[in-house]
Amino acid sequence: MTPQAKHLEVILDTHVESVNLAEEMCLRVAEAVGFSEDECYRIGMSVREGVINAFHYGNQEKPDKKIHLAVDLTKETMTIHVMDEGKGFRLEDVPDPLAEENLLSTSGRGIFLMRTFMDQFNVVPGRTGGAEIIMVKKIPPSSNGNHGSPESNATPKQEA
Amino acid sequence: MASLFATCREVGSDNGSVAIVDLSGRISLGEGSALLRKTVRDLLDAGQTRILLNLGDVNYIDSSGIGELVSGFTAVRNRSGELKLLNLTKKVNDLLQLTKLFTVFDVYSDEGTAIRSFR
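Chains as they are written, first to last, in this note's numbering: chain A, 4 to 163; chain F, 14 to 132.
So that you can see chain F by itself, here it is in the shape it has in the complex (with noise of 0.2 Å):
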């Protein structure tokens, strides 16, 4: 089963810059949610809180990476941040949806939008 894959990219915006994930493959136990943790943790600890996930190729997530994903937005709130999700694939939104988190994320279908929307 494929893995997870991850690359950072920072873009300007009005208020400061933007770290974005491009995340592709598989977030699940094992790999997938320790490489997410991994990523999100890297950018905290390089000052940077103002964080986009591009889920755009992420195909699978199972409780675990749902709990990742809840994990990095908790880390990142605890330090006055902003973590949120963009381009959701229907799996990972039907999931969102299921367990009440769309509640909790902000989610975008457009970047630039989403780069817009960080305070």
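Just chain A, with the same shape it has in the complex (with noise of 0.2 Å):
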């Protein structure tokens, strides 16, 4: 890691008000970092879907089971890893919401989201045994090196 990067790392319970917890935290680093409003949008969203499937499909919504958020700044990038402790999935199984077939589907829409949302995306098997969704949102020049806020100096392991 460079001087420069930090890293904020918290363990969720599965649980409904985690999904807005993470997207608050989430938020609050990219304002800080210094992303516009709409990307703050994009980034909060996209976390968001990230920890909806992390409770329903990975976790299937067992309390027992934990989900793990963390985000990686750099001068460059703000990279989130959203884990759950399911079996896994790989993306090429998931259904195109955009196909005809699928348009009426009620759910299936957080990957493509996401992957709309930020500028990289992927999904590999994670080390806590379940899916790993690795989602990165480049900041802006202007907005380099501005990573010195309580929230994003923030770096102990934390339970929600």
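Calculated from the structure, these hints are not laboratory results.
We treat Cβ as the ideally placed atom computed from N, Cα and C, and that holds for glycine.
Be aware that one or more of the hints could be misleading.
Claimed, not checked - The calculated DSSO-like cross-link candidates involving lysine-lysine, where the alpha carbons are at most 30 Å apart (straight line), are:
#	chain 1	residue 1	chain 2	residue 2
1	A	Lys65	F	Lys51
2	A	Lys65	A	Lys90
3	A	Lys141	F	Lys113
4	F	Lys97	A	Lys78
5	F	Lys104	A	Lys141
6	F	Lys103	F	Lys113
7	F	Lys103	F	Lys51
8	F	Lys97	F	Lys113
9	F	Lys113	F	Lys51
10	A	Lys68	A	Lys90
11	F	Lys103	A	Lys141
12	F	Lys104	F	Lys51
To be verified - Partner residues aside, some chain A positions facing chain F, computed with beta carbon under 10 Å:
#	residue
13	Ile14
14	Val19
15	Asn23
16	Arg51
17	His59
18	Lys90
19	Phe92
20	Leu94
21	Val97
22	Ser108
23	Thr109
24	Leu116
Can you join these two chains into the complex? Each is in its own frame, and there are hints to help.
See below:
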């Protein structure tokens, strides 16, 4: 990790309220870094969708499982990791929500939104045994180095 | 984060009454989605199958909220009714465009026009 890099990690309960908590936490970081209001909205939505995915599909809403959220900041990027304790999944197995036959599906749009709103998106096997969603947003050049807020300096693991 | 609020009113039209649901806040996982689901189901249970959702004060929808809109649309259609949308904010409009749901929902920006469009 470079001297300017920062790391924030929290462990969240498998609970609906964790979705709001994760969104709020990442929004505060994104705002402190200097992302525009529109970009903050996209980042917040992506975090929300990532944690919903972990809550619902990964951990299957089981309260004994945890959701692991981590944010890595460098001068150039904000990288968000969402890990669950489920069985994992392959991106190629996720149905395309824009396909005609899926338009009236009541679920399955979260991955699409994350892919659309972030600069990079991937799903890999996570160290927690389930899936790890990795999302990257490039930090606007004018905001580089603005990592000094209390929120983005937080480093310890916190149990929510 | 603000939750969702919903108030229902009924207006007459040439073809019968239309239930207009004025929504404000967030339609997202949890209370927001649940309230929307309950509101639409209550209207259907009361025999109302012509529903106009006014989203003018809805500033946020996530995938769960989108799913609930689709679920309501399907439930109403299964009863041979119509569920339409009124007054989309830019964020909601953009999301419906992105997800191609603009091709599914009838969307209006004028309440009178929306009411007259019901069969």
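So, going through the hints one by one against the coordinates:
1. In summary, the hint linking Lys65 (chain A) to Lys51 (chain F) is supported, as the alpha carbons are separated by about 24 Å, within the 30 Å threshold.
2. Among the hinted pairs, Lys65 (chain A) with Lys90 (chain A) is consistent with the structure: their alpha-carbon atoms are about 13 Å apart, no more than 30 Å.
3. Using a Cα cut-off of 30 Å, the hinted pair Lys141 (chain A) and Lys113 (chain F) holds, with the two alpha carbons roughly 27 Å apart.
4. Between Lys97 (chain F) and Lys78 (chain A) the alpha-carbon distance is near 46 Å, which puts this suggested pair outside the 30 Å criterion.
5. At most 30 Å may separate the alpha-carbon atoms for a hinted pair to count; Lys104 (chain F) and Lys141 (chain A) meet this at roughly 22 Å.
6. A hinted pair counts as satisfied when its Cα atoms are at most 30 Å apart, and Lys103 (chain F) with Lys113 (chain F) qualifies at roughly 15 Å.
7. With a C-alpha separation of about 25 Å, the suggested pairing of Lys103 (chain F) with Lys51 (chain F) holds against the 30 Å cut-off.
8. With a C-alpha separation of about 15 Å, the suggested pair Lys97 (chain F) and Lys113 (chain F) falls inside the 30 Å cut-off, and the hint holds.
9. The suggested pairing of Lys113 (chain F) with Lys51 (chain F) holds, with an alpha-carbon distance near 25 Å, which does not exceed 30 Å.
10. The hinted pair formed by Lys68 (chain A) and Lys90 (chain A) meets the criterion: a straight-line CA distance of about 12 Å does not exceed 30 Å.
11. Of the pairs offered as hints, the one joining Lys103 (chain F) and Lys141 (chain A) holds, with about 24 Å between alpha carbons and a cut-off of 30 Å not exceeded.
12. A distance of roughly 24 Å separates the Cα atoms of Lys104 (chain F) and Lys51 (chain F); the hinted pair therefore holds under the 30 Å criterion.
13. Restraint check, Ile14 (chain A) versus chain F: the minimum CB separation of about 20 Å is more than 10 Å; hint violated.
14. Restraint check, Val19 (chain A) versus chain F: the minimum CB separation of about 4 Å is within 10 Å; hint holds.
15. Look at Asn23 (chain A): its Cβ gets to within about 5 Å of chain F, closer than 10 Å, so that hint holds up.
16. Hint on Arg51 (chain A) holds. Least Cβ distance to chain F is approximately 5 Å, under the 10 Å limit.
17. The closest approach between the C-beta of His59 (chain A) and any C-beta of chain F is roughly 8 Å, which is under the 10 Å cut-off, so the hint is satisfied.
18. For Lys90 (chain A), the shortest C-beta to C-beta distance to chain F is roughly 21 Å, which exceeds 10 Å, and the interface hint is violated.
19. Interface hint at Phe92 (chain A): violated, since its Cβ lies 16 Å from the closest Cβ of chain F, which is beyond the 10 Å cut-off.
20. At its closest, the beta carbon of Leu94 (chain A) sits 16 Å from a beta carbon of chain F; the interface hint therefore is violated under the 10 Å criterion.
21. With a least beta-carbon distance of about 13 Å to chain F, the hint placing Val97 (chain A) at the interface is violated under the 10 Å criterion.
22. Below 10 Å, beta-carbon pairs count as interface contacts, and Ser108 (chain A) has one with chain F at about 7 Å; its hint therefore holds.
23. With its C-beta approaching chain F no nearer than about 4 Å, Thr109 (chain A) sits inside the 10 Å limit, and its interface hint holds.
24. Hint on Leu116 (chain A) holds. Least Cβ distance to chain F is approximately 6 Å, under the 10 Å limit.
Comparing the model with each earlier hint shows violations of hints 4, 13, 18, 19, 20 and 21; every other hint is respected.
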